[in-house]
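K.L.:
Each chain is listed here by its residues.
Number of protein chains: 2
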Amino acid sequence: MENLPLRFESIFSADCIIFGFDEGELKVLLIERNEEPFKEWFALPGNFVYENESIDEAAERILYELTGLKGIYMQQFYTFGEVNRHPQGRVITVAYFAMIRLNGQKELKPVTNYARKAVWVSVKDLPQLAFDHTEIFKKGFEKIKNKISYQPIAFELLPEKFTLTQLQNLYEVILNKKLDKRNFRKKMLAYDILKELDEKQKGVSYRAAKLYKFDKRKYSKYFHNELSFGKE
Amino acid sequence: MENLPLRFESIFSADCIIFGFDEGELKVLLIERNEEPFKEWFALPGNFVYENESIDEAAERILYELTGLKGIYMQQFYTFGEVNRHPQGRVITVAYFAMIRLNGQKELKPVTNYARKAVWVSVKDLPQLAFDHTEIFKKGFEKIKNKISYQPIAFELLPEKFTLTQLQNLYEVILNKKLDKRNFRKKMLAYDILKELDEKQKGVSYRAAKLYKFDKRKYSKYFHNELSFGKE
DNA sequence: AATATACGGTGTATTTTTTACACTAAGTGA
DNA sequence: TCACTTAGTGTAAAAAATACACCGTATATT
Numbered sequence: 004m005e006n007l008p009l010r011f012e013s014i015f016s017a018d019c020i021i022f023g024f025d026e027g028e029l030k031v032l033l034i035e036r037n038e039e040p041f042k043e044w045f046a047l048p049g050n051f052v053y054e055n056e057s058i059d060e061a062a063e064r065i066l067y068e069l070t071g072l073k074g075i076y077m078q079q080f081y082t083f084g085e086v087n088r089h090p091q092g093r094v095i096t097v098a099y100f101a102m103i104r105l106n107g108q109k110e111l112k113p114v115t116n117y118a119r120k121a122v123w124v125s126v127k128d129l130p131q132l133a134f135d136h137t138e139i140f141k142k143g144f145e146k147i148k149n150k151i152s153y154q155p156i157a158f159e160l161l162p163e164k165f166t167l168t169q170l171q172n173l174y175e176v177i178l179n180k181k182l183d184k185r186n187f188r189k190k191m192l193a194y195d196i197l198k199e200l201d202e203k204q205k206g207v208s209y210r211a212a213k214l215y216k217f218d219k220r221k222y223s224k225y226f227h228n229e230l231s232f233g234k235e
Numbered sequence: 004m005e006n007l008p009l010r011f012e013s014i015f016s017a018d019c020i021i022f023g024f025d026e027g028e029l030k031v032l033l034i035e036r037n038e039e040p041f042k043e044w045f046a047l048p049g050n051f052v053y054e055n056e057s058i059d060e061a062a063e064r065i066l067y068e069l070t071g072l073k074g075i076y077m078q079q080f081y082t083f084g085e086v087n088r089h090p091q092g093r094v095i096t097v098a099y100f101a102m103i104r105l106n107g108q109k110e111l112k113p114v115t116n117y118a119r120k121a122v123w124v125s126v127k128d129l130p131q132l133a134f135d136h137t138e139i140f141k142k143g144f145e146k147i148k149n150k151i152s153y154q155p156i157a158f159e160l161l162p163e164k165f166t167l168t169q170l171q172n173l174y175e176v177i178l179n180k181k182l183d184k185r186n187f188r189k190k191m192l193a194y195d196i197l198k199e200l201d202e203k204q205k206g207v208s209y210r211a212a213k214l215y216k217f218d219k220r221k222y223s224k225y226f227h228n229e230l231s232f233g234k235e
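Residue numbers (this note's numbering), protein chains in the order written: chain A, 4 to 235; chain B, 4 to 235.
Incorrect hints may appear among the rest.
To be verified - With a straight-line Cα cutoff of 20 angstroms, these simulated SDA-like cross-link-like pairs (lysine to any residue) come out:
| # | chain 1 | residue 1 | chain 2 | residue 2 |
| --- | --- | --- | --- | --- |
| 1 | B | 146 | A | 155 |
| 2 | A | 213 | A | 199 |
| 3 | A | 148 | B | 146 |
Hints listed in this document are in silico derivations from the structure and should not be mistaken for laboratory results. As the structure is a prediction and not an experimental result, all values here were calculated from the model.
With these hints in hand, go ahead and build the complete structure from the sequences.
P.N.:
Here's what the structure looks like:
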């Protein structure tokens, strides 16, 4: 093959790993493909980057088309550019992860034509994915496992008001390990990035827990403190 | 503008931040551009990704063309895709950093035509760079500052055999802070990733220090231990 | 009203890690 | 042999991480 710049017939796309937390499980939003190749396979949501948009904007658009949500926490984490990753030609993809608050609603009606439907799947039983999306998912999951220990991204997955137990559960699910309740609370409160509310949990059949919310102001003051829940 | 996939007229490139350590200074390899736009400006070495190569291969090629070196430690760290980052059209670039052993040699004869020459510049007095390369450099430098504290990448910049003082100097230069000699040695040796050699430093006009080398075998045993020189 | 149930919420002692700190030893060059 | 320069070393104090168990309180049940 000749040495030509990737100019014609080359395409790039952005793919998104969209995480949600529901009923104690960490979930990913997958689409069922409506087009060849890999028609009817599950895949990460993704689409081409248009000429007039940045890659970040493309990622935001993909998320919006699927969920109707804007202003969501998203982060680029890796670019996949193997020559044969796409069976129909050269495609380079920039991968993002995003975290959204589920708040119970689970049905999504994607407005894109490349997907026939979108479903939330627990990360524990992820099906085989189209293209190299399984690899992309693994890399992104590793990334957030890592990142959650030193940056307050977990809050993005919880309702605005949450209990410390809910927060701990989320950490436990992502890190896939049990944490000690007293130590977790001590540490989390010591970071001083949570605001204790006057409200309490409702609708539980036992003693209601205090609600907290993430305090962005306080956080930015201490931006350098790394949260650490890695070793316990 | 229409919403078209970035198919025609779109280009991507790989840009490399190539670090070297010499005479106690951290340096970057810059090229002086030989072509418009930004002719005669300094820039990060970079080139288009060809159709028949992965992005990683493109990055390796760029490094090879400039330095004649292969098998160098390189890592992708971010992809820059703003619409107007290149004055002549849409270019997306995947950025890498690389670390090479300088061993004194400083003259490089680039064999590419986009560069008239390549020079080592201290990171402390980096000139203005073409395109958004200053931003790319900053992001990459942050990345290695971060990474050096938990992965043994610093060794890539040193000669195969080095003294603990040389290693400490390198950490100090990258982290831009003084470290305590005793604590540095204690910690570094405790990781048990260095092999003490029988040899000593030569050609110094004072007591010669012991030489060490990085022991990859030992390192992979304890791959999970994060080196940490972040807080002192 | 009494009781059972389930989670909420709290403190302390121990171990480990990090930090701060200063002098003698050894080799070189004059 | 003396002056100079860097090599090489240990300990004590502070901070952070860990391990660990019980009572309190709201709700549901009888």
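K.L.:
Would you pick out the hints that fail for this structure and give their numbers low to high?
P.N.:
Result: no hint breaks.
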